[in-house]
Each structure stands twice: as C-alpha cells, then as structure tokens.
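A.B. asks: If you want the building blocks of each chain, they are given just below.
2 protein chains.
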Amino acid sequence: MLLAGIVLTLKGQPPTEQLTSFVVPFIGTEGAGNVFPGASLPFGMVKLGPDCADKSSNSGYVPGAVIHGFSHVHVSGTGGGPKYGNVLVMPFTGPFQPEEIQSQPANEQASPGYFAVDLTDYHIKAEMTVSRRVGFHRYTFGDNKERGILIDAGSMLGEHHCCGEAQQLIGSEINIVSDTLIQGYTRVRGGWNKGGEYTVFFSAVFDTPAKSYGTWKGNVASPEKASEYDSGEKTGAWFFFGNGSKKAIQAKVGISFISSGKALANLQHEVPGWDFDKVHQDAVQTWNKVLNTIHVEGASDDMKKVFYTAMYHAMLMPVDRTGENPKWHSDEPYYDDFYAIWDTFRATNPLLTLIQPDRERDIVRSLIDIYRYEGYMPDSRSGNQTGRTQGGSNCDMVVADAFLKGLKGIDYQTGYEAMVKDAEIPPGGNQQTDGRGGINEYIKLNYVPAEYEPKEKSPTLHTPKLYDRAGTRTVEYSANDWAIAQVAKGMGKEADYEKYRKRASNWANLWRSQVTDSGVNGFIWPKRRDGSWVEDFSTTKAGSWGNFFYEADSWEYSFYVPQDARALIDSCGGPETFVKRLDTFFTGPNYRVDNEPSFFTPCLYTYAGYQYKSSDRVRDIIQKHYTSAKDGIPGNDDSGSMSAWLVFNTVGFYPNAGQDVYLITAPHFHRAVLDLGGGKQLEVIASNLSETNRYIQSATLNGQPLNRAWFRHSEIANGGKLRFVMGPKPSDFGKEHLPPSLSDPE
Amino acid sequence: MLLAGIVLTLKGQPPTEQLTSFVVPFIGTEGAGNVFPGASLPFGMVKLGPDCADKSSNSGYVPGAVIHGFSHVHVSGTGGGPKYGNVLVMPFTGPFQPEEIQSQPANEQASPGYFAVDLTDYHIKAEMTVSRRVGFHRYTFGDNKERGILIDAGSMLGEHHCCGEAQQLIGSEINIVSDTLIQGYTRVRGGWNKGGEYTVFFSAVFDTPAKSYGTWKGNVASPEKASEYDSGEKTGAWFFFGNGSKKAIQAKVGISFISSGKALANLQHEVPGWDFDKVHQDAVQTWNKVLNTIHVEGASDDMKKVFYTAMYHAMLMPVDRTGENPKWHSDEPYYDDFYAIWDTFRATNPLLTLIQPDRERDIVRSLIDIYRYEGYMPDSRSGNQTGRTQGGSNCDMVVADAFLKGLKGIDYQTGYEAMVKDAEIPPGGNQQTDGRGGINEYIKLNYVPAEYEPKEKSPTLHTPKLYDRAGTRTVEYSANDWAIAQVAKGMGKEADYEKYRKRASNWANLWRSQVTDSGVNGFIWPKRRDGSWVEDFSTTKAGSWGNFFYEADSWEYSFYVPQDARALIDSCGGPETFVKRLDTFFTGPNYRVDNEPSFFTPCLYTYAGYQYKSSDRVRDIIQKHYTSAKDGIPGNDDSGSMSAWLVFNTVGFYPNAGQDVYLITAPHFHRAVLDLGGGKQLEVIASNLSETNRYIQSATLNGQPLNRAWFRHSEIANGGKLRFVMGPKPSDFGKEHLPPSLSDPE
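The listed protein sequences derive, respectively, from chains A and B.
Quick note: the first sequence uses our numbering, first residue 62, plus one each step.
Quick note: the second sequence uses our numbering, first residue 62, plus one each step.
Worth flagging that the hints you see were computed from the coordinates, not collected in a lab.
Be aware that a few hints might be false.
Footprint (simulated), chain B over chain A, 3 or more residues, beta carbon under 8 Å [as the list claims (entries may be wrong)]:
no., segment
1, 222-234
2, 243-254
3, 291-302
Since the structure is predicted, the reported quantities are computational estimates derived from the model, not experimental observations.
Yeah, the Cβ is synthetic: ideal placement off N, Cα and C, and Gly gets one too.
Work out the full structure: start from the sequences and follow the hints.
C.D. replies: Dropping the structure here:
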C-alpha cells in the first residue's frame, strides 16, 4: 500500500525542468523595480553583484554604468536609503591608483547563481557565483599586463542619501594574513531603517599567491603594509599577481556577521575547492529545485520568463542568516532583511507557506525568536536591527496565516503572545520601530486620531508626530486585530476572540460617509481625538512618514478592509454601487499598480459576486504592467512582493493573507502543478483556456463541483486538483456562496 | 606679571604626595560594598582582577575564595546581575585539565594600578598592572614544573543570575597567531541592565614563546589546534612554556570593543615594552596625580585611608571608552558604564566638576553624543547599551549641574534638547530603558498615577506595569524639571523656564497630609488617575521594579524635594516640626544609610536653619558607617557614589546636585586644598577643629564674613578660601540667609 502510494505520487510529479533558463534577473533592473541582478542562492546571505555609478542605487547595480567592483551583501527591490554594499572586490590591471579603479561594463550576463561582465577598461572578464555565504570570483585577464585585485573593506552604498537614511561608516579593518588569505570587516550604521551597527566580516582567499601588496586607511596608501587596524576609517588592500601566463585568477570570499574566523569556516565548509563551474552548477541546481515547486504548462516562453523570474525574485529575501546572528545565540533559525513585512505579508509569505512550507516555518520561527529576545516581532528589519514599521503590525498577519494554514513546528503560544503585545503595549518614542504606534489612543478611541501629541511643542524640540500615519494605522490595526482574533479562536481563547473581533471593525470609525468624489460616497478620513473630522484633507492626499496615509491615498485605503469586505460593501451602498466604485477606481488615476496597498483590491469584486471582474482586472494589470523587459516590474519589487502577486494570480488564485482563504482570480496556464511538500501536489487545470476563453464557466475541486469563487487552504493542504472549465463569456461562477467576511451571520 | 602669577600659583600648591599609599582597594570588598579591588587606571577601560568562587560576584572578587583566573573588564560597587568578567587569563602548572584549573589564594595585595596574589595550589605569584586598555600580567613560578597559562575567551560573570539579569554567551573565538600572539573575543548579552550584545576583543602577547598549545571549544579540547572559530560556544587556549629556568612569564593583554586588531594597536601603543615595574609606576603616578587634587591636613592616617580610598573609588567609573565605541564614529568622547546616573548624579558628577572639570566635561559630552545617536541620554548604560532607568531622567541633573557651574566645552543647546526630550517624549514599551516612563500621564495629571495600564489584561500577556515606580518617578521628575527650568532660564528661554518651574512643584500632588506615622504628618502617597488615594499602602513600603517606590520608602522619598526644601518644610508644618521629623527619621529604622535616596537628607536641617544638626548627622553617619576595614562602606558603593558622598562631607560641604549650590556640612580636616584645574585652588580651613570643637562658630569666604551655611559655585569657581572657626557648641551659624529654594519669593 505504502509503496503503491509512493509510486503514484512520483508518477504524478512533473519532471524536474531546467527552469532556471527562464529566469531573467535583469527583469526589474530598469524602471522602478530596483531588483538585484547579481548572484545569490534562494534566500542567500551572500548577494554578489556590481556596485555602480555613485553607489546610490538600492541594489548596487545601475544598467550600463561604470562599475567600482563587486560587493557581497545586497537587498533586492527596495526603496529609500540603500543598505549594504559591503566588502567590495575589483580586478584591474596596471598600477594601483586609488579612487581611479573602475571600468565601463559590456556583455553583462545574469542567471540564477551567476553574474558576468566584461570590464572593458581593463580587458577583464569578471564572473561570479555563490554558495549561501561565499562569493566565488573568476577574473580572466585579457591583456598580458600586471594583474591586480583590490579588496575594499570600507565601501558601502548610499553614503550620501538624504533624510537621515544614509549609511554611515563606523569603522573597518583589513589584515593580509598570507599571500593568499585576507581577513577583515566593515562596520556600518544607518540606511533606510535608520538601523544601528552591523558588521560584515570576511575571509578572502586567492588561488594565486600575490606577489606584492599594500593597504590603505583613509587617504593614506601604504605599499607592503600588511594590516590596517580599525580606527574609524575606511581601509582596504591591493594585490598584484604579475603578468601571469595563467590568465584567470580566482578568489573566494566567505562572509559572516559573526567574525572573520566564522567567515573562513563558512568558506571552507561551503566551497572547499576551486571548481568555479561546479559551484555555479550547484547554485543552478538549488534554484531549479525551488523553481520546480511550480510547474506550468501551456505558456509561451515569454510568459514563462515573466513567471519564473517572478518566482526567482520572490525567493531572494528575507535572508537566511541562521548561525550568523551576532545579537543572541539560540537554536532557532535566524532571518534578516524583512524589508518590509508590510510588503511581503500580502503574497510572498502565503506563497512560501504553499510551496515552501519548511522555509516559511523557519521564517516564522525566526520572527518569534526576535520577539523573545527583543520584545517585539519586526515589521521591517535589516542589518540585524528592527525598524521601520510602515503601517500596522503585519507580522501578526504572517503568524496568523501560518497558524490558520496549519504550518507545523512553530511555537504558536509565544507567537500569540507576540501578537497580543503588538496589540496592547505602546512601542515608544519614535513610533517607527516596533509594534503599533499610537496604540494607547487606538485602544481608547477605537481609532488612531489624526493629531500631533504633545500639542504643546517646545521650540527646542523636534517633536515626533505621534499620530502620523493615523489612517494607515487604523485600517491596518483593524485587519491585524482580526488576525489575532482568528488565532485566539483557534486556540480556544474565546474572550480574546470576542475582544479582537470587535476591534477588527475599528476601520469603520474613520469611515466618513459624507465625503464624495467622482460620484463615489464614503471614504476613510482623518478624525481628531474629540471625534470631529478634519476638514482640510482630500481623497487624493497620499503621503509617507508623518502623514495621515502611508504611500497611498484614501481611494486606496478605503478599500483596505480584507477582514470584512461584506461590511465594506454595505458601507459603500451595496454590491452594485461597490462594483461601480471599483470600476471608477481601477480606471481612474488613484489606483497605483506600483505599490502594495491595492494588492488585494482586484479580489474585492469577487466579494460582491463578480468573480469575472476580478479576473478581468487581474489580467489587465498583468498584460499592461508585467513583461519580460528590463523594466517589466511596475514598481519597487519590494523583496519580491510584486513578483509573488504575479505568481499567485497567474496560477489562478490569490490569498487573503492572514486567513486560510484563497480567491480564485485569473488562471493563465492550461495546467499548473504546485509541489506542497511532503509528496503533496496541487494541480490547477484550466480546460479550454485561450485568449478568448478566459472566463471561468465552472469549477471542480478534488472532483466535486466547486460552486464558489474561493476555497480554504484546508481543502488543498493535503494536495488536490482544481479544475476550471473556461469559456469566452462571463458566467455566474462565484455569484453565490460569497467568500467569508467578519460580519457574516454566524 | 605672567611669570609672577605662575610662581605664586606654584608656591600656593601643596607638594605632590604619594597619596596612593593611603588607598586600600580592599575597603568595600566585604559587606555590601561590592567594590572591585583589582588593577585599574582612573576611569580605566581595563579593570584587571580575579574572578572567584562561582563567578557570581559583581566585582568578580570574593575575599579568600578560590580563583579561576584574572579577567580584564569589571565594574565596581554594583548590585543586581553582574556584567563583564571577560577574557580570563590563568597561570598553572602541570597537565592541562579543563574545569580543574583554579587555586586557593594567599597574600592578596592591592594598590592603585596593582594587584597580586599567591596561587597556592601552583606556587605561583600572580601580579598584574594596567594601562588604560592593557592588562599586564607577571607570573612567577615557584616550582620547577611545567609552566602553563590559559586564556579563556568564554568566561564571564553572573551566568546563572536570576530575574532575567544573567549574562548570556553569544559566542567567542580564539586564534593562536604565533607562539607569542593570541587574538580573539567574547560576545555576551544580558546582565543587570538586560543589555544587548557587547564584544570584548583581545590581543595577548607573551614574553616567552609557547612550546606547545591547544585550544578548546565547548567541552572538546584539541591539542595542537591553533584556532577555534565562533560557533556560539565557549572557546579558549592553553600554552605550555616548559620547566623554564627563567621563573617569571609575562603576558600583556590589549582589550578593545572594536576589534582584536584595535586591541593589538592599543597594546603596542600603550605598553610597547616589557617593563612591568615601569607600567606599574606609571599607573601609580597617574593615580597620585588625580588623588592630589585634594590635599588634606590634620587627619589621622586611618582617616586618610578612608578619604583617599573614597576618592579612588569615586574615580573608577564611568569608563573612558573614547575610540572604543562600536556603535558609531564621532569626534566626541565616549564613556560607558554609567551604572547608574541615578546613583552618581548626586555626588560623583559634582565632585568631578569641582576637581576634574575636564573629565566631567568629557563625560557630559559623551552623554549628549549618546542622545545624538540613540535619541535619549542614558540613566544607566553598560556594555554599550542604555538601560535600566531607575527613577527620573537624572542625566538632566548632570547637564544642569555642568551648565550652572559654567563647565566649558559642552554643546548645551543639544544638551538642553536632550533634557526636553526626556521631559516630553514617552520612551516606549518597557519603560525601563530611556527617558521618563509614564511621562504622558505625568504631563496630563501632573503626577504619575499608581495604576497599571492597560487595565484590561490579556491572560496571555505579561503586561508591563507602565506606572511602576510612580512615586519615585513623580518626585524625581519634579526635581528634573527644576534642572531643566534653570538651564532654560540661563539660556533666556523664559517660556520654558516658567513651564518647567511650574512642573517642578508636581511632587506636592502626591503629598497626602492626612497620613500620620510616628507622630509625623504628611507623606508622598500613591494616587490613582482619577485623583483618589490608594488606601492599601504604608509609609514603610519600599520596593524595586514594579513598585510605587524604587529602593526606598515614603519616609525617605517624602524628603526628596531638593529643588524646594522651603515648600517641603511648609508642607511638614514649619521648621520646628520639620526638624523633629528629620530627628525621628534619622534615629528610626527608615533611614537607610546604604542607598542613595537619602544622600541629601542630612542637608535639609540647614534649610530649616539648623546647620549644626546637618553637621552632627553627617559626622554621626561617617563615624558609624565608614571605616578603613574591608566592610567599611555601608552599602553597594554604586560606582563610587557612597565614596563621593564621603569625600564632599569630610571636606566640609555637599552639593545640591543640579544647582550651583553647596551646603556647608561637617569639615573633618584642619585644612583641605582642592585643585580646581587651570591653576585655581579652593582652600578650606577649619580653625580649632577637634573632636569636641566640631561646630562652626563663624566662617569667611575669600576673606569676607560668610553669614550663611551655603555658597554658590560661582563664588569659588576661580579659586577661593573658605575658613571656618570651630568651637565646642552649636552656634547661630546658618540661622539666617537660608539656602535657596524654588518657592523663595523672587
């Protein structure tokens, strides 16, 4: 019986394809995507790629721009002040002239685990591949000139960024231990999250002994000097290897956040030999394995490029730093670069729960461990430091999503404690680091008031705006409260359930019915502590830190009630008015495809009984905004959030994050097979699918008719088959049995 | 003219005495003092001394107890969970048996910059001296046995302390670079302030090449292995030097909080040679210089021991870590181990302002720089991490004290901004780290209510008590507000002055006149948010974290109104009743000599016109509680706070910290000369002083009659002469012209 079962499972599995061939890391490197095109493993700690131009790009990379070298730590898809860009290595020829070592690029190539570029100024082909914590460089020198390599321990990105978000050097150190071993570190603070210090240690080895060397500190270069200790300045070293007949020089650079000794151990453990191609192939194989968790059929190669590159981008971050946490020692996994959970909770985390449950389990465990040691789960974290919280405490959504979907191996008791802490305990002065800013007022008033506190400002003091982002906070806190309520219910905590269930309707306290714009009535609106509305405001007023809404306006945030679409539809005047409002929104200027607040909004049609309009909207967005071109991602990819949105919606459903519910959207493939782990598969079939046959006529789930446009995770958790019959015209599919909302009659 | 002036100054200066001979570092090592008896420079980063018994002592040292080795970082006089005890070195003979290397001590010797002990189990005399960041060990082996030394990179104090205050290892690393150079580090978190990670790096050199060696990690010892990288475990190394004919082996250990490279640079810079006695003599000279800032005449040798040991203890902490800050790079000085300012602001900081103004300037600059980079000035800080705040934001007192006394070279604009931040911006969730917990309520109600918030507790969540220490906070916030008011006035900020002046009377809002105990009426009392008094409370209820009062009861805190003794005296029923109350207090069980809250209380007699009673009280305390015995300090010395109290009061005056006012107390010396820096001196003469002639009959200041029992810093800032004529009976001295109070008519 058991044997038969295994055979059946194997039989049903698609073959492992070379899906890496569909990944185009340059997608999203132009336009606003800000993705990192260099070499990385899935969730890899080392992200090895070029730092270009004035080193002000978030990913280090700037298409076609002058390259200063290749550094080992990067993030992908981010905005704001850059982080990282540490431990930069650059080959060159001729004399060492500090500040002048740089080259124009040509023939840039990028594929999973590999990056190559011709440094035309020096006639050097630079290639790089990676393991989890090691960068492997192969420099092929075209000219018979003096071959040089420099290691810059003081380089970093975003040194001159504005707004308090610049990275600031604390210090650096370099030691030439032998003619083939170099150790050191860079210590930096600041960047987007205004974080404290982080230290990137390295141990670098050459396959060719250096014939001469020198080091620098600040502006002083010292030939033949073997070490520069840390006195708060930038340090580095250069090496010459002679006009060798052997044209390539290889370097391996182990990275650690613990010590240079650990970096060397990482190097020796992960890449003991010098076989560049083998390391590259291992990286390709690792990527192939994770890409093969979704196997699609009936898509054009171009669509496959878009799709698998999106999967690739969704698995670059957060970063697995297990064993590399300098802040505490525990047996839990450790992840960093949650950048930000405000972005990733919506699609990325649910995607991992579905196709990489062990990975998501480890991520959630690391979030809970951060709570154990630091008192709060992060909303954002980078460089081992939590901050900045953009809206709600959306880690609550991540924990609830895992809990409700039955992810095993997580200490949910502590996770629940962490969620309740978010919901109850004010995080403190700057209100942008932990938990929920303004929570005391939210608890007291059932909304976050749009006022500044203390009112009586000192002329001396730059008083933080305690109730900034009051609109975003109120609607997100409400959604977060529903996440808590559901976990409470699942744990049998009835009183907590009732409490947070009630709080989950708090968004309605900022609903101002009297406001009208473009024929649409009712908007989320700033309210003062005394209950009076702010009059000097508009439906299209978006903002950032310090404003009522964060990165979207009232048009967008007035749809952000994922926990209770039923009540939202009622507030808007019923299903028909609501659908008109959605149409007005998506065809008007206020829908922003390039940011996360409206990720879920296309699904809202389905809550009004109009699944086909959700489908139309999603198809329209994908066709207009996602391509295989270098500018093929509509906004900052935000650690792969845009990409994860695409993956779900092309497969054909989309999660209501923090619930165990998926909404059926727009199947783009004739067949998709998702590997759920443990030998379980979810097969999604769209019969008769074509450009014209794009509407679902009917559906079955596990062979039974599916008379609704949504399903629960529990219905597919042990594998399943979701079959759609497609046709050229909208059907009644999804008209009845609407998806669940908080205010459904029980 | 200029030359003549110099000659005159030199002529007036007392000769430099070998005052170190009066320092007995063992005073305070028994009883509750918890002082560190090992080798340190003034404010020295390296504090090299023995770690004994089960390594649970705050100073590492336990009199007569088994010694495990000598570690390089310690604090002095502290309570709660220990910090530090890092990088332990131990000589031994015979085979290396891990866990068994330890020895009984004999012939312990301690003097400034020197510690020695015979390790009787091995017949080794261990001696140690220090520079600022280097420990110098000299081990003289008595037997012709195999000579061994171990370096333990994983050792620390307080690993098994309770209450969340244990130190926890994060990791450690050790590298035997050559037969004479060893590098590594220990990374630790936790301890009393529940701090984040700190890393103590070291570079150790031997004057004798090791003949064999080994390393360990966790429980695995590896002979001939030269390095152990950091994998989150304890590491160390042992060395054998053969049965040498040369009996002493010397080791120098450079310490750094930046890197082992910096540690080596520190070592090479500070102690380039191998002359132990020279380094020792340099340390003695450095101590002599700072001890000679107060020269006393007419005291017994025993009294000199008590006095100069107190001066010595008052200059062990905070620790000068300039150039050793791993969190940011700036040009400002950097000090750590403010442990706690709640203790030191009362006497230690004012003492330094008086006799080491450049040192105090640097300390204040470092506090302001911490505000610049971290958002708040610390109340406590250790291991590069702020926390825990015990009561008010007493850094405000330190800045005000410096400002009002005209200390130059400080950015008071930023300092004022930091004070106002304390007074206005809530510090956040755990309320024990930065600023003023409960400040919103204090601003709203004009007191901190004695209630817990949120009221509605989750059964899951261990809700922090947001309004814990509400009594201590209210009275200290009021005093802190007066500090701010005075600085505001000095800066011409009239509106701020009026605002904080008003708030400085907030202590009175917790004054409950109806409470009577032992014939005394009126006490500071817990009040709810609605204005009602808590009934379930008592005048003698002291506490700690989470209670209404921190480390004292209402008897003590009801006297803590240093800013407005006049109003306090009125509240207590006028001067006569007040003096009776003081008598009842000091002769009853509620006066605690062993802690800081009552430091200023003896001076309160003077505010009622009874200077002689202040004098009697101070003399009585000193005679009963301060001796030259090993238990000669009445409580935890608290970074020298008890000691600084003694120094002031024996010289004859005591500061009202955060004001520019000194109260005349109990001159114990016929003559004391204080070096105020810049060639200025304050001479204090007590004519006719004897055991019986202990009452001031009259006084002159700078040759003019002083018709009051107090003076301002400005009156002696440029030097001066304070002359008392003593007699056998109380006089009217100080009856008129009472010291200034907030509520004096202007």
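A.B. asks: Now tell me, hint by hint, if it's right for this structure.
C.D. replies: Hint-by-hint comparison with the structure:
Residues of the segment 222-234 of chain A lying with their CB closer than 8 Å to a CB of chain B number 5, which satisfies the three-residue condition for coverage. Only residues whose C-beta sits within less than 8 Å of a C-beta in chain B count toward coverage, and the segment 243-254 of chain A has 3 of them, enough to reach three; the restraint holds. Three residues within the 8 Å Cβ limit are the bar, and the segment 291-302 of chain A against chain B gives 3, so the coverage statement holds.
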